[in-house]
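Asker: Just so you know, the sequences run in chain order A and B. Take our numbering: the final residue in the first sequence is number 381, and no numbers are missing along the way. Take our numbering: the final residue in the second sequence is number 297, and no numbers are missing along the way.
Be aware that a few hints might be false.
[Said to hold, decoys possible] Under the rule of at most 25 angstroms between Cα atoms (straight-line distance), these lysine to any residue pairs were calculated in the SDA-like manner:
1) B/K162 to B/I267
2) B/K53 to A/V247
3) A/K248 to B/Y15
4) B/K53 to A/G271
5) A/K248 to B/H8
6) B/K162 to A/R274
7) B/K34 to B/L24
If you are wondering where the hints come from, they were derived from the structure by calculation, not from laboratory data. Treat the numbers as computed from the prediction; the structure is a model and nothing was measured.
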Amino acid sequence: MREFRFYLNRKETVVKAPPAYTLLETLRYVLRLTGTKEGCARGDCGECTVLLDGVPVHACLTLTSQVEGRSVVTIEGIERDHRLIKAFVEEGAVQCGHCTPGIVVAAYHLLREVPRPSEEEVREALRGNLCRCTGYVKIVRAVVKAAGE
Amino acid sequence: MSMQHLADVEVYTARSLREALELLSTGTRLKVVAGGTDLIVQLKSGALPKADLLDISRIDELRYIRFEDGVLRIGALTTFMEIYRSDLVRRHAPILSEAAFTVGSFQIMNKGTIGGNIVNASPAADSLPPLYALDAEIVIAGPRGERVVGIKDFYKGYKRLDLREDELVVEVRIKPPGDGYVGHFFKHGLRRGDAIAVVNGAVLIDLGDDGTVRDARIALGAVAPTVVRSPGAESLLIGSRLTKDVMRRAAEAVLKDISPIDDIRGSAAYRRELSVNYVFMTLYRIAREAGVSA
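Isolated chain A (complex conformation):
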């Protein structure tokens, strides 16, 4: 166990965890922030996507010691009334919901980089996020809609 200090959802946070626990394990089992989901735990599905120093990465492939002094934004760090979340609800872009947090985090980053992405740019940015329910159409539509608002 070691103590790590980092910015979690813009708040300075201290956590005691084994250094080689993945960030996903530390978020879910130590900090009890369960919005970040575990899917494959091997970098294939994108469910555990968080922003590390502002860019999307897999929390399952990040060591807890690697976030020391850095910024981590999880789904809990995105405002509940954010236009993306509204658009996901309005477009019915959620079914079982397991992939949704990772997709919203990835899309949140896209909209900060590219305020008006094309459908193709949305699909490219989300190509690492698997959804087994929706077929992606409504997800893509929701992100494009949020960008227009």
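Fit chain B to the known structure of chain A by using the hints.
Answerer: Frame of chain A, contents of chain B only:
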């Protein structure tokens, strides 16, 4: 696949190259981790034995892309997103730029490093066919200073590297082959967005003004214990024009230079067929883009 926790694994974090080399020279067996996109999966799945880790991902001095004295230099910790977005790489090594975009999802591109891709030494690594086609050099730092090894000599067999346990790969050097060269990276994965290659490769052609091939470099991945060049295909192309017949015979010639195996992603027979077809399609694309009637 059952995943284990790494609660009992220690992580040492190096802040400089010197500190990393010192930690490696203490004789403690440390596994080096950078982006972690391959290593963490291998440790958690048990594919690699558990070991304490040396985290080099914070060594900012190894993160750069420079073009100096006609040589493109890429620091080992440069991520694939940085490589993909680099104008210098796009201008001087466009086939590497193409490969960087296919390495994985944006999440993987944001973490995975070129040094990690090289040292992980998967025969399916996407950065390697371009580096083979470009005759890249690997710069290695160790307790006795730096040494430089050509990429083909760096790989001695399946996951066997010319790299001692107290050494680190610190840089990739590419001497751009010249303005006349045109080429493309290709990859066949089971999923477009984020996949390990079933077959990948790079084709680089130097076309003379009269449409004759002056030089040809063809590298293939995931079809042998290491990435390989195809001297058979290359020699067939050099001195010829890119006619359909020449391209077909060159593509078929790669079969003598590869030795694929059956695995979870595809059979050896499938890989042989993919290799021929992709080399042909890539040559055809190059010929068309160069305005040579194919």
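Asker: A separate judgement is required for each hint: does it hold in the structure or not?
Answerer: Evaluated hints:
1. As the CA atoms of B/K162 and B/I267 are separated by approximately 18 angstroms, the hinted pair is consistent with the 25 angstroms bound.
2. The suggested pairing of B/K53 with A/V247 holds, with an alpha-carbon distance near 24 angstroms, which does not exceed 25 angstroms.
3. Restraint check for A/K248 and B/Y15: satisfied, since their Cα atoms lie roughly 16 angstroms apart, inside the 25 angstroms limit.
4. Restraint check for B/K53 and A/G271: the C-alpha separation of about 23 angstroms stays at or below 25 angstroms, so the hint holds.
5. Annotation: proposed proximity of A/K248 to B/H8 holds, straight-line Cα distance about 16 angstroms (limit 25 angstroms).
6. Our distance criterion of 25 angstroms between C-alpha atoms is met by B/K162 and A/R274, whose separation comes to about 21 angstroms.
7. Our distance criterion of 25 angstroms between C-alpha atoms is met by B/K34 and B/L24, whose separation comes to about 13 angstroms.
Violated hints: none; the structure is consistent with every hint.
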